[in-house]
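Protein sequence lines correspond, in order, to chains A and B.
Counting with the working numbering, you get residues 69 to 411 for the letters of the first sequence.
Counting with the working numbering, you get residues 0 to 254 for the letters of the second sequence.
Honestly, the hints are just simulated from the structure, not real lab data.
Among the clues, some could well be false.
What the hints assert, rightly or not - Pair ranges (Cβ atoms, derived):
| # | chain 1 | residue 1 | chain 2 | residue 2 | range |
| --- | --- | --- | --- | --- | --- |
| 1 | A | V179 | B | Q85 | 56 to 66 angstroms |
| 2 | B | P117 | A | V99 | 41 to 51 angstroms |
| 3 | B | R73 | A | Y106 | 49 to 59 angstroms |
These figures come from a predicted structure and were not determined experimentally.
All C-beta atoms in this analysis are idealised placements derived from N, C-alpha and C, irrespective of residue type, glycine included.
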Amino acid sequence: MNEASPARPLPSAAHPRVALRFGWLVLAVLVSAVASLYVGRGDLSDAALGARFMSLRAHRSAVAFLAGAALSVSGVIMQGLFRNPLASPSILGTTAGAQLGGELMLVILYVVLGNLAPAGLSAEMFTPLGCVLGSLASLAVVLLLTPLRASTVSLLLTGFLFSSLFASLSALLKSLVQETWQLTRVLNTLSLGSVSGAGPRQLALAALLVLGALGPAWLWWRELDVLMSGEEEAASLGVDVPRLRVWCVVWTAVLTSGAVAVGASVPFVGLIVPHGLRRVFGEGHRFLMPAAFLGGGLFLLWCDMFCRALPLRNELPLSVLTALIGVPVFLRLLSDLERGGDA
Amino acid sequence: MSGPLLSAEELCVERGGRRVLNGFALAAEGSSISALAGPNGAGKSSALKALAGLLPSRGRLQLFGRDLRALSRRERAHMLAYVPQQSLLQSGIAVREVVRQGRYAHDPVWPGRRPQQPAVEHAMRATDVLELRDRHWNELSGGEQRRVLLARALATEAPIILLDEPTSALDVGHALQFLSLLRELANAGRCIVVVLHDLDQVSRYADHCVLLHRGDMVASGPTREVIAPEPVRAVYGVELVPNGALGYRQTGGGA
Numbered sequence: 069m070n071e072a073s074p075a076r077p078l079p080s081a082a083h084p085r086v087a088l089r090f091g092w093l094v095l096a097v098l099v100s101a102v103a104s105l106y107v108g109r110g111d112l113s114d115a116a117l118g119a120r121f122m123s124l125r126a127h128r129s130a131v132a133f134l135a136g137a138a139l140s141v142s143g144v145i146m147q148g149l150f151r152n153p154l155a156s157p158s159i160l161g162t163t164a165g166a167q168l169g170g171e172l173m174l175v176i177l178y179v180v181l182g183n184l185a186p187a188g189l190s191a192e193m194f195t196p197l198g199c200v201l202g203s204l205a206s207l208a209v210v211l212l213l214t215p216l217r218a219s220t221v222s223l224l225l226t227g228f229l230f231s232s233l234f235a236s237l238s239a240l241l242k243s244l245v246q247e248t249w250q251l252t253r254v255l256n257t258l259s260l261g262s263v264s265g266a267g268p269r270q271l272a273l274a275a276l277l278v279l280g281a282l283g284p285a286w287l288w289w290r291e292l293d294v295l296m297s298g299e300e301e302a303a304s305l306g307v308d309v310p311r312l313r314v315w316c317v318v319w320t321a322v323l324t325s326g327a328v329a330v331g332a333s334v335p336f337v338g339l340i341v342p343h344g345l346r347r348v349f350g351e352g353h354r355f356l357m358p359a360a361f362l363g364g365g366l367f368l369l370w371c372d373m374f375c376r377a378l379p380l381r382n383e384l385p386l387s388v389l390t391a392l393i394g395v396p397v398f399l400r401l402l403s404d405l406e407r408g409g410d411a
Numbered sequence: 000m001s002g003p004l005l006s007a008e009e010l011c012v013e014r015g016g017r018r019v020l021n022g023f024a025l026a027a028e029g030s031s032i033s034a035l036a037g038p039n040g041a042g043k044s045s046a047l048k049a050l051a052g053l054l055p056s057r058g059r060l061q062l063f064g065r066d067l068r069a070l071s072r073r074e075r076a077h078m079l080a081y082v083p084q085q086s087l088l089q090s091g092i093a094v095r096e097v098v099r100q101g102r103y104a105h106d107p108v109w110p111g112r113r114p115q116q117p118a119v120e121h122a123m124r125a126t127d128v129l130e131l132r133d134r135h136w137n138e139l140s141g142g143e144q145r146r147v148l149l150a151r152a153l154a155t156e157a158p159i160i161l162l163d164e165p166t167s168a169l170d171v172g173h174a175l176q177f178l179s180l181l182r183e184l185a186n187a188g189r190c191i192v193v194v195l196h197d198l199d200q201v202s203r204y205a206d207h208c209v210l211l212h213r214g215d216m217v218a219s220g221p222t223r224e225v226i227a228p229e230p231v232r233a234v235y236g237v238e239l240v241p242n243g244a245l246g247y248r249q250t251g252g253g254a
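Let the hints inform the model, and build the full structure from the sequences given.
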C-alpha cells in the first residue's frame, strides 16, 4: 500500500461499449417505430384511408412508446430508492390514485354532465386530466402523511396502504355505475389498459408529462448510485437522503400519471424492463435511466403491435399481455434473489 | 488549525427509548489514531455514528471548531469520512465506481461530464485496489471490500476518517496490513478515529483510547494508560497479561 505513488490516468473501455449498446437500442426503436405503422387490421391500399390509418397508428405508437418509457424509468427510480429490484412504480399509490382520478372524471362526465364537457374542455381529455389530478392528489396525501425525516419503509407502507384504498374506491365506483353498461365498458377498458384511442391531444399530454419529468429525474442519477450503499453510507458521503426521497417520489408520480393518463395502466413494465437492462447496461443509473427510457418504450411498443396484430374480434388488452410476459420473468427474478444471485 | 479537528463533549445517544451513550467525550487531533474500545454493547458504534452525524444525539459536537449539526451533508463530507463495519452495497458495480462515490460531495451540483478524479486513482493506489478497479463489488472478498471502502473514504480527501471495526472480518495478516495503512495515513496528517475490539491492536496502533462500558466512558487518554490492568479488569472482568498472548508483527512480504 503506497499513498505516495504518482497518479496516472486509468484506461476505460466501458464507455465505447455502452455507446454501441445505446446505438443498437436506438436503431431497434427506429425500426420498430416504422414497422408499427404497418401493423394492424386497417386497409392501407386506399390512399385517403391509408393516410388516416397511418396517422392513427403513428399517434398510438408514439403514446405506447412514451408510456412504456415512463413506467420503465419510474421502475428504475423506485428500485434505486428502495434498493430493491422488486419495487415497482405502483408501490407509492400514485398509479392507483391516477386510475381512480381518471375513473372519477369519467363518471362525472357521463353521470353528472351527461357526456357534455364544459366549454373550453374537450371530452376526450377528461380522463387524462383526471388521471393527472388523481396522481398528484395521491402524491400529496402520501407525502403529507410521511414526514420528511421518516424512513423509506414508512413511505413504502404508506404508499401500499393508499394503493389498496384507491383500488377499493375504484371497485366501489364501478359497482355504483354498473347499471350504465356503456360507462362500465369504458371504465373496464381504462383499467385493462389500451392506447388504441390515442390522438394528438393524448400524445401532447403524455409528451409533456413524460419528457418534462424525465430530464429532472435523470439529474438524480449520482444520488441514486450512492444510495445503493444504503441511506447511512449515502448520508455520510454527502447525499441529502430525505430530499432525494421526496424528489424521486414526485418524478415517479408525474411519470406514471403520464402513462396512466393515456390509457397505459399496465403492470410489470417497470419491473421487468429495468431488470433486463441491468444485465446489459450495468447498475449505474447514469446509463440505466436513458436505457430504461428507450427499452421501456420499445417493450410497450412491441406489446401494442402484438395486440394489434392478433386476429381477435376485440384487441387483447395491454395489461393482459404485459402480465403474461411479466409473471414468468418476475418469478425468475424472485428465484435469482432467493439463490442470492445476480438479480 | 491547532486543537482538535473533531471534538465531542457530554454526547448522549438514545435508541429505541434507551440511552446507549452517556456523556461521551473525545478530542481527536490530526496525525493521530484514536481508538474506541469496549465489550459488546458498550456503545462504540453508536458513538462513532454520532460523531459522524449519522445518529441523532445531544451534547456538543464540533468539526474544525464549527457545530457539526449546523453543517450541510456536503460540508460534513468534505471534512469527515465514515467507513462502516459492513457496507450494505450488494450491487455488481465496478470497484472504480464505488471509490468514485467518495467524490460525490466534490462533484458539481449540476451533473454533467465528471471532471478527472486524480483523488480516486490516488486512493486506489494507496489502498492497493487499483488492480481490482474493473472487478465487480459483489465478487470481492471481505478483505478486498474493506480496502475498497477505505479507498472510498480516502477519495473524499477528508482529513478525518472514522472507521467501525475495520479489522473484524480480516485474518491477522490483512488486519495488520490495514492497521499499518491507518498508521501511515495518521503519520501523513490525517485524524483517524477507529472502533476496535482487539485490545492488542489498540495497544499497538492507537495513540489515544476511549474505553466504553454499557454506554459510559470508563477511561480516556493515552493508550498505555487506558489499556492498563485496572480499567481492563473493570470493563472486561479479565486480568491483563502483558506479552502473555500470541504476538504478531508484519513481515516484509505483506499478506
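Right, here's what the structure says about each hint:
no.: 1; hint: V179(A) x Q85(B): 56 to 66 angstroms; in the structure: holds, 58 angstroms
no.: 2; hint: P117(B) x V99(A): 41 to 51 angstroms; in the structure: holds, 43 angstroms
no.: 3; hint: R73(B) x Y106(A): 49 to 59 angstroms; in the structure: holds, 53 angstroms
Of the numbered hints given earlier, the model fails none.
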